[in-house]
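Could you put together the complete structure from these sequences and hints?
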Amino acid sequence: MTRIVVDNVTKRFGRVTALRRVSLDVREGELFAILGPSGCGKTTLLRVIAGFEVPEEGRVMFDDEDVTFKRPDERGAVMVFQNWALWPHMTVYDNVAYGLKVRRLPKNEIDRRVKMVLELVGLKGLENRYPHQLSGGQQQRVALARALVVEPRVLLLDEPLTNLDARLRLRLRGEIRKIQRELGITTIYVTHDQEEALALADRVAVMWNGKVVEMGTPDEIYHRPKHLFTAFFIGKTSVAEAKVIDADGNYVLLRIGDVVIRALNHGVSVDDGSAVVVFKAENARLKPMWRDCAKLVGRVLVTMYLGASLEIRLVPHGYNRDLSFYIPIEEEIPRPGEEVEIYLPVSSVHAYPVEGLELVKEILGE
Amino acid sequence: MIRKPLVRSDVASMLFVVVPLSILIMFFLAPIASITTGLLTFDWRLLLTPFYVGLSSVVSPITVTHVGGETLIAIRGFDMGVITNSVLNALIVTLATTAIGTSVAILVGLFDFPGRRLFAALAMIPLLVAPFVNAYVVKLLYGFNLQGNTVSAVLEALGLHVKIGVAGLAGVALTQILSFYTIVYVNVLATLRAVDATLIEQAVNLGSRGFKLVRSVVLPLIAPGVFTGATLAYMLSLEDVGGPIVFSFRKVISYQVYLFFRQYALIGGGGSAAALSLLMLLLAVIPMIFLRRYLSLRYYAMLTRGAPRPLRRIKLGWLGKVVAYLVVLPILVAAAAPEIGIFVLALCHRWVGPFPTGFTLNNYAVLFSEPGVFRGIENSLIYVAIAATAIAFLGFSAGYAIARVRSVVTPALDALSITPLAVPGLVMAFGYFVFLHGIARGTPLDPLISPAVVLVIAYIVRKMPFTVRSVFAGLLQIPSSVEEAAQCLGARRLRIVKNIVLPLAWRSLAAGLLLSAVYILSEVSLSVTIGALGGDITSPNHCGPITFVMMSLIQSPSTIGGAQPQAVAAAMGTILMLLEALILFAALAKLGRRGIVSIAM
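Chains as they are written, first to last, in my numbering: chain Y, 18 to 383; chain U, 66 to 666.
Derived by calculation from the structure, the hints in this document are not laboratory data.
Mixed in with the good hints, there may be bad ones.
Unchecked claim - In silico lysine to aspartate or glutamate, DMTMM-like type, Cα no more than 25 Å apart, as pairs:
no., chain 1, residue 1, chain 2, residue 2
1, Y, 228, Y, 263
2, Y, 87, U, 177
3, Y, 243, Y, 375
4, Y, 304, Y, 289
5, U, 563, Y, 111
6, Y, 260, Y, 309
7, Y, 195, Y, 144
8, U, 563, Y, 299
9, Y, 378, Y, 328
10, U, 563, Y, 70
11, U, 563, Y, 126
12, Y, 378, Y, 299
13, Y, 260, Y, 379
14, Y, 228, Y, 176
15, Y, 124, Y, 111
16, Y, 304, Y, 288
17, Y, 132, U, 177
18, Y, 118, Y, 81
19, Y, 304, Y, 358
20, Y, 118, Y, 136
21, Y, 87, Y, 70
22, U, 386, U, 177
23, U, 563, Y, 199
24, Y, 260, U, 177
25, Y, 118, U, 549
26, U, 563, Y, 128
27, Y, 260, Y, 199
28, Y, 132, Y, 199
29, Y, 378, Y, 339
30, U, 563, U, 177
31, Y, 304, Y, 355
32, Y, 253, Y, 358
33, Y, 118, U, 479
Unchecked claim - Facing chain Y, a subset of chain U residues (Cβ under 10 Å, in silico):
no., residue
34, 75
35, 177
36, 178
37, 544
38, 547
39, 552
40, 555
Even for Gly, the Cβ is constructed at its ideal location relative to N, Cα and C.
See the structure below:
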């Protein structure tokens, strides 16, 4: 099993800096997710680890070996591409056997290993099919089998499930997790789908604007985000600007319009005057369900039925903008214009220094 | 710690860049650059004399004379000196071809009316090129002579005693317009097909119709195609030698450069040819640079969301039908007539007056029985075989390198690989002569020692861009991840090319090669200049290819093998046209219509 260390890597394409001093430490046998919006540099980072790009600064280590300048095949890192990159002119067997043929393995050994890996991914019996004769899910499995058959030190998956429908995605991500556990290969999984990252990974790195802003377990990333971007990006969230009334190391007391709430403190001090509040809006309720609650009172601007939940756009009293909250559908449905109270656990309300407001505006494209 | 970006590519991938790049530097850049060496002692004031630049025409544009009961009308255009003639003629041809080509493309591509397919078929006919013979038949049909041309004979039959025809520069212009408007037509039509139909349907939906729709929405969307077609027509007009030779109009730049090879190459002299070559190069390249800049700014025709939908044609109104049948159709027929006339000439015993006489297959027999004529066919086939083999390697390498190999010199290869299309063949021919006769005098690379070798090299360089662009376009359709997948499984570059790239891209390579081959077969400028250095067609060992033989036959005053030499040239022309049709059709099947137009043009 291989440990991967990415140390202060910077990658530029002409004038564009795709990665800015990125560092990662992926433990042996870990399934590590890189999560971020499109264009954040996550695929570039994966390609630097794979050996398709050479960084201008920094280095990539596999265990104690510096692989920064090594060719992809010299590193023993195999990548599964977003489009799977199956060779259309080769059968399933030939696609999977290719890496073994390149390594000049004897024919019976190639046969044995191809059969074994096809069984592992559940494609036994489809050896003679061509890629176009397979379903999307089967094609994805061929791509996975082709990577696994050469027994790589490191498996790199670049959004491998993006091109599949939602149901199949759920099933395959379970299978990927299972196979990865069975083989114990150190795996890096790049995705923009936060649910996929949280469900699959042992640990997650959140990327934004060419930087890793935070790294942690799915639980830490979701419930205790240290960085404003993480708080904002993970889950369904709403952002408001608030005045600081009081603050200590753990909590901060804020005023949004005329409404006073308590939030987890991420570096806000009383001297700051104002702060940015991120609500995990999907945890909202119309009744207090927790001992430690934040309560927002306001007028309903509009409601939208989303199936399992209801989106309420609430204008807090004395505030100039509406905020979205999502409540389970069994709750009583408030009407536009009606006055309601929205409750959230304080653990779902995060306050950050006001400078972060610019970042939020940038992300929202405002 | 700042690192210099490393050239990551392995040795094999650098070969894909370096080999074609070296060939292009040696056999394209160096010959072109060497043209300037002959200019150090040249007195530029010569080019300002009335022979080159005149302020007024020395011929009257139209002369009308009455002989007996007949009226003779000769349309001669103008003659204002070599340079002025070339430039003005190219501009007139560009304007006319653009107007005709664009109108026909819009009519056929946007509207539906009875006979639309006939219009489309007629407009494609001039794409088949039979150099020299085409101009010769234009002269038979529309040219001014005292025996009367076909048009005059038809007028006579209608009771009009008038002999009307074109001569001089007007004949050159008419020949060029009738065959080059198709270039504009196919470019505009291809652009029109690529335009997202919803953009036009939205305008129709808002009530825009007819001319208003065309002017306000369609024309701006297809403007890139119009400008591309216009630029190509301009360049073709500038470097055309067929029209000037057949209409015996010597005072254009192309003819003057051609004359250098006829008169001075062997004995020395002809100093103005270098200056004229350079001038021609500038005149050709400058519009091309503007076009590239313009095109890079305009791609909004495709800037819509989702996959573009094909256009449903709009019903043509009555006014449109009147224009289509009474104006456009006669032009299409007039333009297709020379190509049809070539087949008639090839099968007739004699055609010098208004109508052909006698049916014969002898013209085809002469192609094989006359050693000098047959030698041309042999030469062409050998040249094409050698050049296509070289282009397969070099063109594939260059196309692959441009698409896949990142290096500091790849952009240079990208630019250089396409530029030979923008440089007139006559300029290249002159550059080759100056360069190779200069540095390789007395060796097999000296065009006076072995013109065949030099001709093949020139063909390779000049016609390689079709293959490069075809391979490049094909590779763009193939995600590079299919190669990276093999790379991370341990395959090296050459193995990846063999196992993955070639099996996926061979169709593009084959299509590109077919195009390169057909354009070598019909190539004129190099063929009649460098190809002429090995003697004329009376010598059974001459080095000229088919087009050189056709030119010689068209100019020949005496019969050959008992046949009219022009009719033999026509027979050769028909074979060439059938080959072109066959190859273009095959390439079309490989690439799809849109691909081929963008590459072919």
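Quiz item: CA of residue 260 of chain Y to CA of residue 309 of chain Y, is that 25 Å or under?
Solution: Holds, at roughly 21 Å.
Quiz prompt | Satisfaction of hint between residue 199 of chain Y and residue 260 of chain Y, Cα-Cα up to 25 Å | solution = Between residue 260 of chain Y and residue 199 of chain Y the Cα gap is close to 52 Å, so the pair fails against 25 Å, i.e. violated.
Practice problem: Please work out if residue 132 of chain Y and residue 177 of chain U have their alpha carbons no farther apart than 25 Å. | Solution: violated (58 Å)
Quiz prompt | When the least beta-carbon distance from residue 555 of chain U to chain Y is tested against 10 Å, hint result | solution = Given a least distance of 4 Å, the restraint on residue 555 of chain U holds.
Quiz item: Has the given pair, residue 118 of chain Y with residue 136 of chain Y, been kept, meaning a C-alpha gap of at most 25 Å?
Solution: holds (19 Å)
Quiz prompt | Restraint check for residue 304 of chain Y with residue 355 of chain Y, where alpha carbons must lie at most 25 Å apart | solution = Holds, at about 15 Å.
Quiz item: Given the hint that residue 378 of chain Y pairs with residue 328 of chain Y, does the C-alpha gap stay at or below 25 Å?
Solution: holds (22 Å)
Quiz item: Under the criterion that the straight-line Cα-Cα distance not exceed 25 Å, is the pair residue 386 of chain U, residue 177 of chain U satisfied?
Solution: holds (10 Å)
Practice problem: Return the status of the interface hint for residue 552 of chain U: holds when the least beta-carbon distance to chain Y is below 10 Å, violated otherwise. | Solution: holds (5 Å)
Quiz item: Holds or violated: residue 87 of chain Y with residue 177 of chain U, Cα cutoff 25 Å?
Solution: violated (61 Å)
Self-check item: Agreement of residue 124 of chain Y and residue 111 of chain Y with the hint, judged by alpha carbon distance not exceeding 25 Å
Solution: Roughly 12 Å between the alpha carbons, so the hint for residue 124 of chain Y and residue 111 of chain Y holds.
Quiz item: Straight-line Cα separation of residue 260 of chain Y and residue 379 of chain Y no greater than 25 Å?
Solution: holds (21 Å)
Consistency note: the structure conflicts with the earlier hints numbered 1, 2, 4, 8, 16, 17, 18, 23, 24, 27, 30, 33, 35 and 36.
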